Amino acid sequence: MNQPLTSSVSGVDIHTVVIRDLGQQAYEPVWKSMLEFTDARDQHTQDEIWVVEHTPVFTQGQAGKAEHILAPGDIPVVQVDRGGQVTYHGPGQLVIYPLVDIRRKKMGVRELVTAIETSIVETLCSIEVTAYPKADAPGVYVQHNNHEHKIASLGLRVRKGSSFHGLALNVAMDLSPFSRINPCGYAGMPMSQVQDVMPSWQSEGSFQQVKSTLIRTLMERLGFTDACHESIIQTQT
Numbered sequence: 001m002n003q004p005l006t007s008s009v010s011g012v013d014i015h016t017v018v019i020r021d022l023g024q025q026a027y028e029p030v031w032k033s034m035l036e037f038t039d040a041r042d043q044h045t046q047d048e049i050w051v052v053e054h055t056p057v058f059t060q061g062q063a064g065k066a067e068h069i070l071a072p073g074d075i076p077v078v079q080v081d082r083g084g085q086v087t088y089h090g091p092g093q094l095v096i097y098p099l100v101d102i103r104r105k106k107m108g109v110r111e112l113v114t115a116i117e118t119s120i121v122e123t124l125c126s127i128e129v130t131a132y133p134k135a136d137a138p139g140v141y142v143q144h145n146n147h148e149h150k151i152a153s154l155g156l157r158v159r160k161g162s163s164f165h166g167l168a169l170n171v172a173m174d175l176s177p178f179s180r181i182n183p184c185g186y187a188g189m190p191m192s193q194v195q196d197v198m199p200s201w202q203s204e205g206s207f208q209q210v211k212s213t214l215i216r217t218l219m220e221r222l223g224f225t226d227a228c229h230e231s232i233i234q235t236q237t
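Here the UniProt record's numbering is used: position 224 in the sequence shown is 224, and no number is missing along the way.
One should not assume that every hint holds.
[Claimed, not checked] With a straight-line cut-off of 30 angstroms between C-alpha atoms, the simulated DSS-like cross-links for lysine-lysine are:
hint, residue 1, residue 2
1, K211, K105
2, K105, K32
3, K32, K160
4, K65, K160
5, K134, K105
6, K211, K134
7, K65, K32
8, K32, K106
9, K160, K211
10, K32, K211
11, K65, K134
12, K211, K106
13, K105, K65
14, K105, K160
15, K106, K134
Just so you know, the hints here were simulated from the structure itself, not pulled from any lab data. Small disclaimer: the values here were computed from a predicted structure and weren't measured.
Could you build the full structure based on these sequences and the hints that come with them?
Written out as C-alpha cells, the structure is:
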C-alpha cells in the first residue's frame, strides 16, 4: 500500500486538505476565526479550505479608499486586513478561503494568485462560460452583453508563510449592492454572475455544481489529492 507523502519537517500529509463548509455566516466571526486559525497554526497544522456564503457586507481592504464607498446604506462596512480594495459579499456568492501553508508547499504569492484565478476559469469553462484573468486587475472576467464584466474577486493576505482570505465568485445573487461602491476601486465597473452567463443554468442544482467543481479544481491547482470533510465551525458573534 502506498503511504501518503508527508513533509519531511512536519510529518503532515501535504496532499490532504480539510474542507469546511460553513453554510451562511456573518463576515466578522468567520474573519476572526481565520485570524485565530492562522495565528495558532504551526508546522504540524493541516491546510484547510473554508467555503461560505456571507450575509450582506462591504469589506474594505488595506488598499481601499473611503471615496470608493459611495452609499453603503444599511449594509455594514468592515475594514479588513486583506489586500485589495472594497468589495461586496452577500447570499448567492460563493466565497472560498484557502488557509494554506504556502511556504511548506514552496509556493509564492504570485503562484497562489494564479492557481486561484486558473481554478475559477477552469470551473467556468466546465459549464461553458468563457472567462479570463487580467494581469493588471486581479480577479476573473467575462464578456456579457458585449461588455467586460467582473465575475470573481480576489483578496489575500499571507502571514507566517500561510495564506488566508481568498476568492468570491458571484453565482446567483443580488448584484445591486455593487452599485453602492466602486468595486475594487474601479468606478462603474460592471459586475456579472454565473446564472446570467451560464447557458444551462438551473435554479436547482447549478449552484451546487459550481461549488463542488470549484472546490475540486482549486484542490488540484493547490496540489491536494485528498480531502477530509469536517463539520461546520461554530463561530462566535
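Evaluated hints:
no., hint, verdict
1, K211 - K105, "holds, 24 angstroms"
2, K105 - K32, "holds, 25 angstroms"
3, K32 - K160, "holds, 17 angstroms"
4, K65 - K160, "holds, 27 angstroms"
5, K134 - K105, "holds, 25 angstroms"
6, K211 - K134, "holds, 23 angstroms"
7, K65 - K32, "holds, 23 angstroms"
8, K32 - K106, "holds, 26 angstroms"
9, K160 - K211, "holds, 29 angstroms"
10, K32 - K211, "holds, 24 angstroms"
11, K65 - K134, "holds, 22 angstroms"
12, K211 - K106, "holds, 27 angstroms"
13, K105 - K65, "violated, 34 angstroms"
14, K105 - K160, "holds, 13 angstroms"
15, K106 - K134, "holds, 24 angstroms"
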